[in-house]
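A.B. asks: Protein sequence lines correspond, in order, to chains A and B.
Numbering-wise, this note's numbering comes out as the position in the first sequence, counting from 1, plus 44.
Numbering-wise, this note's numbering comes out as the position in the second sequence, counting from 1, plus 1.
Hints were generated in silico from the structure; no laboratory data involved.
Mixed in with the good hints there might be a few duds.
Below, computed lysine to any residue pairings styled on SDA-like, alpha-carbon distance capped at 20 Å [to be verified]:
hint	chain 1	residue 1	chain 2	residue 2
1	A	Lys86	B	Ser8
2	B	Lys27	B	His68
3	A	Lys102	A	Lys113
4	A	Lys93	B	Leu96
5	A	Lys86	B	Gln38
6	A	Lys93	A	Gln50
7	A	Lys93	B	Gly4
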Amino acid sequence: AQSVTQLDSHVSVSEGTPVLLRCNYSSSYSPSLFWYVQHPNKGLQLLLKYTSAATLVKGINGFEAEFKKSETSFHLTKPSAHMSDAAEYFCVVSDYGGRRALTFGSGTRLQVQP
Amino acid sequence: DAGVTQSPTHLIKTRGQQVTLRCSPKSGHDTVSWYQQALGQGPQFIFQYYEEEERQRGNFPDRFSGHQFPNYSSELNVNALLLGDSALYLCASSLQQGGTQYFGPGTRLLVL
Numbered sequence: 045a046q047s048v049t050q051l052d053s054h055v056s057v058s059e060g061t062p063v064l065l066r067c068n069y070s071s072s073y074s075p076s077l078f079w080y081v082q083h084p085n086k087g088l089q090l091l092l093k094y095t096s097a098a099t100l101v102k103g104i105n106g107f108e109a110e111f112k113k114s115e116t117s118f119h120l121t122k123p124s125a126h127m128s129d130a131a132e133y134f135c136v137v138s139d140y141g142g143r144r145a146l147t148f149g150s151g152t153r154l155q156v157q158p
Numbered sequence: 002d003a004g005v006t007q008s009p010t011h012l013i014k015t016r017g018q019q020v021t022l023r024c025s026p027k028s029g030h031d032t033v034s035w036y037q038q039a040l041g042q043g044p045q046f047i048f049q050y051y052e053e054e055e056r057q058r059g060n061f062p063d064r065f066s067g068h069q070f071p072n073y074s075s076e077l078n079v080n081a082l083l084l085g086d087s088a089l090y091l092c093a094s095s096l097q098q099g100g101t102q103y104f105g106p107g108t109r110l111l112v113l
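Construct the entire structure; sequences and hints are all you get.
C.D. replies: Below is the structure:
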């Protein structure tokens, strides 16, 4: 069975400081992993995805994530936060190379202080 | 290139009524998935349609049903609405079942 655990429900950072959003996953076979972002009253936007190629994945807006199989983790990072990064972030898993339906984590709300 | 579109944007219904939500996939996509997002939670998978057939289904009762048309657009129907059905309903499209899913803006349903 596939599942994800987002370790922090809320993260608050200052503008210009690094961002770390933590995600652990459980998967039966060959997971695809994603991070999606949801701004208030907006739909979900894909930030990045891992599909068994390079373990360090670069996404949009300066975000990146590293797939660590030994730790079953897929943490999202950004070197320097911007006010526009304030949003809800979801870690997502799909088994069998993405052919299974997406399973979402409960989300991490990122606040960026000026 | 239009992305995924959903209609209506907002909807208010009363308990026991029926509702139909609509989704048009991104151009070139042939697979549509539906998700329910309750307030403060992550989206939960309802079902997926490909080649006009339901291919996968999440843990939702039979009150939730769907359809996919030859042009790949899709409908989500919910019968006998309950207060707990109040949520944001998201549609996502992809190229075939394993493709990356792109989401629409959602339909916010309120059941009174």
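A.B. asks: Now tell me if each hint is right for this structure.
C.D. replies: Hints, verified against the model:
{"no.": "1", "hint": "Lys86(A) / Ser8(B)", "verdict": "14 Å, holds"}
{"no.": "2", "hint": "Lys27(B) / His68(B)", "verdict": "17 Å, holds"}
{"no.": "3", "hint": "Lys102(A) / Lys113(A)", "verdict": "17 Å, holds"}
{"no.": "4", "hint": "Lys93(A) / Leu96(B)", "verdict": "16 Å, holds"}
{"no.": "5", "hint": "Lys86(A) / Gln38(B)", "verdict": "12 Å, holds"}
{"no.": "6", "hint": "Lys93(A) / Gln50(A)", "verdict": "16 Å, holds"}
{"no.": "7", "hint": "Lys93(A) / Gly4(B)", "verdict": "19 Å, holds"}
In terms of the numbered hints stated before, the structure departs from none.
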